[in-house]
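K.L.:
Letter by letter, the chains look like this.
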Amino acid sequence: MAHDDTESTGPTRAGVINKAPDYPIAAPRQYPIANPLAEYLLRLGDDRLVLGHRVSEWCGHGPILEEDIALSNIALDLIGHAQSILALAGTVEGQGRDEDALAYFRDGTAFRNALLVEQPNGDFAVTMVRQFLFDAYSVLLWDQLSRCAHAPLAAIAAKSLKEDRYHLRHSSEWVVRLGDGTDESHARTQAALDALWRFTGELFDRDAVDDAVAQQGIAVDHAAIRALWDTLVNDVLQRATLTRPADGGMRRGGRQGRHGEALGHMLATMQSVARAHPGATW
Amino acid sequence: MLTRDEVFAVLQTVPDPEVPVISVVELGVVRDVEITPDGVTVTMTPTYSGCPAMREMEADVKAALLARGVPNVTVHMTLSPAWTTDWIGEEAREKLRRYGIAPPGRADQGGFVTLTRARPAVVCPFCGSTDTVLQSEFGSTACKAIHSCRACGSPFDEFKAL
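Which chain is which? The protein sequence lines are A and B, in order.
Here the first sequence stands for residues 1376 to 1657, where the numbers follow our numbering.
Here the second sequence stands for residues 240 to 401, where the numbers follow our numbering.
No lab work stands behind these hints, which were simulated from the structure alone.
Among the hints, erroneous ones may be present.
What follows is a list of derived Cβ distance ranges for each label pair [claimed, not checked]:
hint	chain 1	residue 1	chain 2	residue 2	range
1	A	Glu1559	B	Gly392	30 to 36 Å
2	B	Ala360	A	Pro1527	35 to 41 Å
3	B	Ala390	A	Ala1655	48 to 54 Å
4	B	Pro256	A	Pro1407	45 to 51 Å
5	B	Asp277	A	Asp1596	44 to 50 Å
6	A	Asp1498	B	His315	43 to 49 Å
7	A	Gln1613	B	Ala306	58 to 64 Å
8	A	Thr1466	B	Ala302	27 to 33 Å
With the C-beta cut set under 10 Å, the calculated list includes, among others, these residues of chain A facing chain B [as the list claims (entries may be wrong)]:
hint	residue
9	Glu1442
10	Gln1458
11	Leu1536
Here the structure is a predicted model, which means the values were calculated and not measured.
All residues carry an ideal CB built from backbone N, CA and C; glycine is no exception.
Between the sequences and the hints, there should be enough to build the whole structure, so can you do that?
P.N.:
See the structure below:
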């Protein structure tokens, strides 16, 4: 947790133990950020935009009809949350960019999402474990933000919280069903958890942007969120007969625009229509 | 120029595009109407953040008022307080039931998310049985869940509590 590893965001090679090195690593470079609130809102919005797009990739490919519909509903909610947050980010930024400009006309290095949400869908277990790890965090974060002193953000948080609680229950139930299912589903779900765990540390990082927005009334207690997240995640994993991976070398960098290869491929698809036909309406 | 009550009466005739048996007023998305010197300002709130029907509702509200001779309609969107199904009144719930959609239960008031559902079984809108099974909390629209009834064998939608 205490070190920074931005060199590799891919899966660990077979036989390489994913643990924190025992030598000190320099703290990540901090760049001065002109508008911390806009930056903070981009982080919130991009998490939901990128995850929403990832989940929408399942549309028409769900394992069963009900799940196809559920995933499409969840994607729609997340993109709705992103739309509200990015619209606010554009206003706060004050450079005339609306939510569409921010979603479709920024390149990968300008995205501020955590690495977890950009990870490819993989099999259904990967998608559901990714969703569960994020939902648990997101519900707790919205709960705190719904009580923050920034009224427009608090309103979005209160609304999004209600919808995210449905998502969390859905993803929790799937993790239990898959983990405590067949040998095959258990093995795949454990593998998904092992592969995605290294991206969870970044969710709880606190940096100068968080400190700056705390001065503006958006004070999030990261430690409290982390503690509740641990409780919630441990409970579900235990019911799912899954083993919580050890906190090894956590991958980070998404909040500073240092992403893995997968995000670029995703954006190439997501942004292609808007860029081929700028300003088009229908 | 219409009065505030008359505007509400017009909006009472604008159906929810996805659940046309209730109006946008009964759905609770019309929060306020203000008569201004220039026209009418209607304050609305979205049901679900990503609900694709919201723009439709906004357009329908403007069209209905235009048809009654109110050309200058401004729709103001607000997110706070967040929409809740608790705003759907008893009469509208009965309409939903007759339409084959189980009306929403009481919305959860915060609290920690758990895997166990404490809420009572959803009553089948067709036969009134409580012997029903939740199939999925995500249905054909953002606001509905899918159930099935063991007693009469019917699948049915529930307007889910939010």
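K.L.:
Can you name, in rising order, the numbers of the hints this structure does not satisfy?
P.N.:
none
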